[in-house]
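**Q** Okay, here's what each chain looks like letter by letter:
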Amino acid sequence: MDSNAVSLTSVTKNFGPVRAVDGLTLAIPRGRTVALLGPNGAGKSTTIGMLLGLVPPDSGHVSLFGHDPERAVRLGEVGAMPQEGGLIPRVTVGELLSFVGGTYAAPLPLGQVLALAQIADLPDRRVDKLSGGQAQRVRFAMALIGDPELIVLDEPTAALDVEARREFWAGMRGLASKGKTILFSTHYLDEADEQADRVVVINRGRVVADGTSAEIKRVVALTTVSVTAGGEVAWLGRLPGVRRLEVRGDRVRLRSSDPDATVMALAEAGAVRNLEVTPADLEDAFVALTAKETV
Amino acid sequence: MSGLMGYIRLEMIRTVRDGGYVIFGIAMPVVMYLVFTNLGLAPGDRHYAAVFTMVSMAAYGALGGAFNNGTGIAEDRAAGWLRQLRLTPLTPAQVVTGKVVTGVAGVVPSIAAVLLTGALVNHVTLAPGQWLSIVGLLWAGTIPFSLLGLGNGYRLTGQTAAMANVATLLSLSIIGGLWVPTTGFPGWLRAISGWTPSNSYASLSWHIAFGEAPTLREVAILCGWLVAFGLYAVYGYRRAARTA
Chain A
0 MDSNAVSLTS VTKNFGPVRA VDGLTLAIPR GRTVALLGPN GAGKSTTIGM LLGLVPPDSG
60 HVSLFGHDPE RAVRLGEVGA MPQEGGLIPR VTVGELLSFV GGTYAAPLPL GQVLALAQIA
120 DLPDRRVDKL SGGQAQRVRF AMALIGDPEL IVLDEPTAAL DVEARREFWA GMRGLASKGK
180 TILFSTHYLD EADEQADRVV VINRGRVVAD GTSAEIKRVV ALTTVSVTAG GEVAWLGRLP
240 GVRRLEVRGD RVRLRSSDPD ATVMALAEAG AVRNLEVTPA DLEDAFVALT AKETV
Chain B
0 MSGLMGYIRL EMIRTVRDGG YVIFGIAMPV VMYLVFTNLG LAPGDRHYAA VFTMVSMAAY
60 GALGGAFNNG TGIAEDRAAG WLRQLRLTPL TPAQVVTGKV VTGVAGVVPS IAAVLLTGAL
120 VNHVTLAPGQ WLSIVGLLWA GTIPFSLLGL GNGYRLTGQT AAMANVATLL SLSIIGGLWV
180 PTTGFPGWLR AISGWTPSNS YASLSWHIAF GEAPTLREVA ILCGWLVAFG LYAVYGYRRA
240 ARTA
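For the record, the sequence lines run as chains A and B.
All residue numbers for the first sequence refer to numbering that gives the first Met the number 0, where the first residue is 0 and numbers rise by one.
All residue numbers for the second sequence refer to numbering that gives the first Met the number 0, where the first residue is 0 and numbers rise by one.
Worth flagging that the hints you see were computed from the coordinates, not collected in a lab.
Among these hints, one or two may not hold up.
Stated by the list, open to error - According to the in silico footprint, chain B covers these stretches of chain A (three or more CB under 8 Å from chain B):
#, segment
1, 70 to 76
2, 97 to 111
3, 245 to 256
Unchecked claim - Some chain B residues well away from chain A (every beta-carbon gap over 10 Å; in silico):
#, residue
4, GLY2
5, GLY5
6, ALA78
7, VAL99
8, LEU125
9, ILE142
10, MET162
11, ILE174
12, THR181
13, TRP187
14, SER192
15, GLY193
16, ALA208
17, LEU215
18, ARG237
All residues carry an ideal CB built from backbone N, CA and C; glycine is no exception.
For reference, chain B alone in the conformation it holds in the complex:
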């Protein structure tokens, strides 16, 4: 068991020292949040914008953390690290567990940084139940994206995986309405956006933030993508295991 704890600690150290994670996962969402809300670039009145964009940017940061974890897998594979781990007494299940725990824990600072900025700087006030629900939904909702990032990480080599993950992160964030609300989109793009996992993911928390209930449609779409990305990750892992 101490082996698994040691592995998680090692992966945490690596994550914290990763400039890409700190920039894309924590600093950029916070900066963008402050810029959008204080320069009047966000929609609605000041309070509406502070709440709406807080969820958008927390979601964007969480996705950044989730994809970054997948990119790490490709780097590990290229560096022969996965093979080195197989030569230690750690079991494959412990290795996967360690990576999942690190990935899941890694999105927490992203979410926390933006929500804290909302509460402390932009004076967002929500009921405790709303805060808890938003944190929980933003956190659990990253699982499909982690799987997509892992799939890319297993299937592609280091550099390509990093580029694929950044490209996927940006397109899902933009089309999903995390940067600019979809209300300004042309009709056809808004229709596409409604089917993206990123829009459904953020919508769950937008609803909660404005005191509404999430819709079944959003849950169903996100679950659909969860299955699709899960299959993709399994496919990528099998391919990686064959060629490793």
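Bound conformation, chain A alone:
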């Protein structure tokens, strides 16, 4: 049995002259929750389409649990929620979910899925009468009802409000704790940071960073050390660890790769005034990573 739930090897996909995915390699072991993070047009949805067998790659190899994607889908190993669509009119939520469950060998009971997706009150509602957020939860329920090993979600929380997002992730953590492998794409940085135990940043169809969110921040982002300073400040830019210096009025912001050394040096120079140290967030890392690629 293959220990990787997902394995993409040097996968490339062109749409006409546009290279959507460019030699992307990615392996996800079983039981992990992985975020695919990137700006719009980075190649997230194309990558997900290829790993679900919906989009044939131009070159490279895709396998899920050691099978090709179409076979893995047929074996019921995968449940997926595409970015949009998948709902049909004139059926009820219960009818739709029972049908999808019936295509799998060992589906979850309908009641359990309704509860997981927070739609316990909706089984008799016609699908065409749902609000945007309700429709999103029904689509999510369709991905879960087959009790698949791998759950793939393309921008799962896009249509949800803050409260619904919180409930959604609570449910996902429950699934992750049962050993399910979860891959989701997002452009919400906080979501990737909080929900995934690994973040894969892609831009222009390539993996530009891969690790825990803490690792990614450490590698590419810089801690901000700010102080109040007057007069000539250029010397601050030459302190240990400082990579970049920004002046905002009388505040000087030092971007540092070694904040401890920077603060010590500031103290020795007697320049500690209204000191503030802000750790890097994933947003900084994201901007740094994706900007680097476009230069």
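On the provided structure of chain A, position chain B as indicated by the hints.
**A** For chain B alone, kept in the frame of chain A given last:
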């Protein structure tokens, strides 16, 4: 296998709840049949009109059901439903089988409603063999039209496909002589009508209803259109698969 049965059940539920299907496929042909035969709008004596128009309207209803199925494909595609089905363990062959079974089953109520109205309301009496042949011919004969409807459904987007299918249904029904018999047509239109699939389709059953044998010409024309529409459906499907 339970997956396929579940899919067929789901598609049946959707069809039955589809107002377009119930109106165009079942209610309208029955109403038109009753109106034509009881207001003296149909040709010949009362018995001739009841038999002739019964076949016309059953054929018209069956075509309505067949085209409606094709329109459904375009809606499914636009809604991302075909992609969702590809993400379930159902095989593509099961999906196509399910859609064909639903389409084929969907024309049965249309045919049955008009034939029952003929027998019960208009007192049409035919030999059991004639009833069976007419049901069989009207049923099997919808296959070319289903393929044409599917071709439109695969090739065109939701709204356009619906309009194209309704327009095709109406023109084939009128030119094919299902609404008004071709005997009243000008010569040139009657000549065109003789080559339409809809006229050949209904003619097979008109012959049976009046105790005649269907002609080889009708069978040949319908088979010709079957091939043409089959190629069109395959072309549409390939195009849809490339752009999906």
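**Q** If a hint holds in the structure, say so; if it does not, say that too.
**A** These are the hints, each one checked on the structure:
no.: 1; hint: 70 to 76; verdict: holds (count 4)
no.: 2; hint: 97 to 111; verdict: holds (count 7)
no.: 3; hint: 245 to 256; verdict: violated (count 0)
no.: 4; hint: GLY2; verdict: 4 Å, violated
no.: 5; hint: GLY5; verdict: 4 Å, violated
no.: 6; hint: ALA78; verdict: 6 Å, violated
no.: 7; hint: VAL99; verdict: 18 Å, holds
no.: 8; hint: LEU125; verdict: 36 Å, holds
no.: 9; hint: ILE142; verdict: 25 Å, holds
no.: 10; hint: MET162; verdict: 18 Å, holds
no.: 11; hint: ILE174; verdict: 32 Å, holds
no.: 12; hint: THR181; verdict: 37 Å, holds
no.: 13; hint: TRP187; verdict: 43 Å, holds
no.: 14; hint: SER192; verdict: 36 Å, holds
no.: 15; hint: GLY193; verdict: 39 Å, holds
no.: 16; hint: ALA208; verdict: 36 Å, holds
no.: 17; hint: LEU215; verdict: 43 Å, holds
no.: 18; hint: ARG237; verdict: 14 Å, holds
Of the hints listed earlier, those the structure fails to meet are numbers 3, 4, 5, 6, in rising order.
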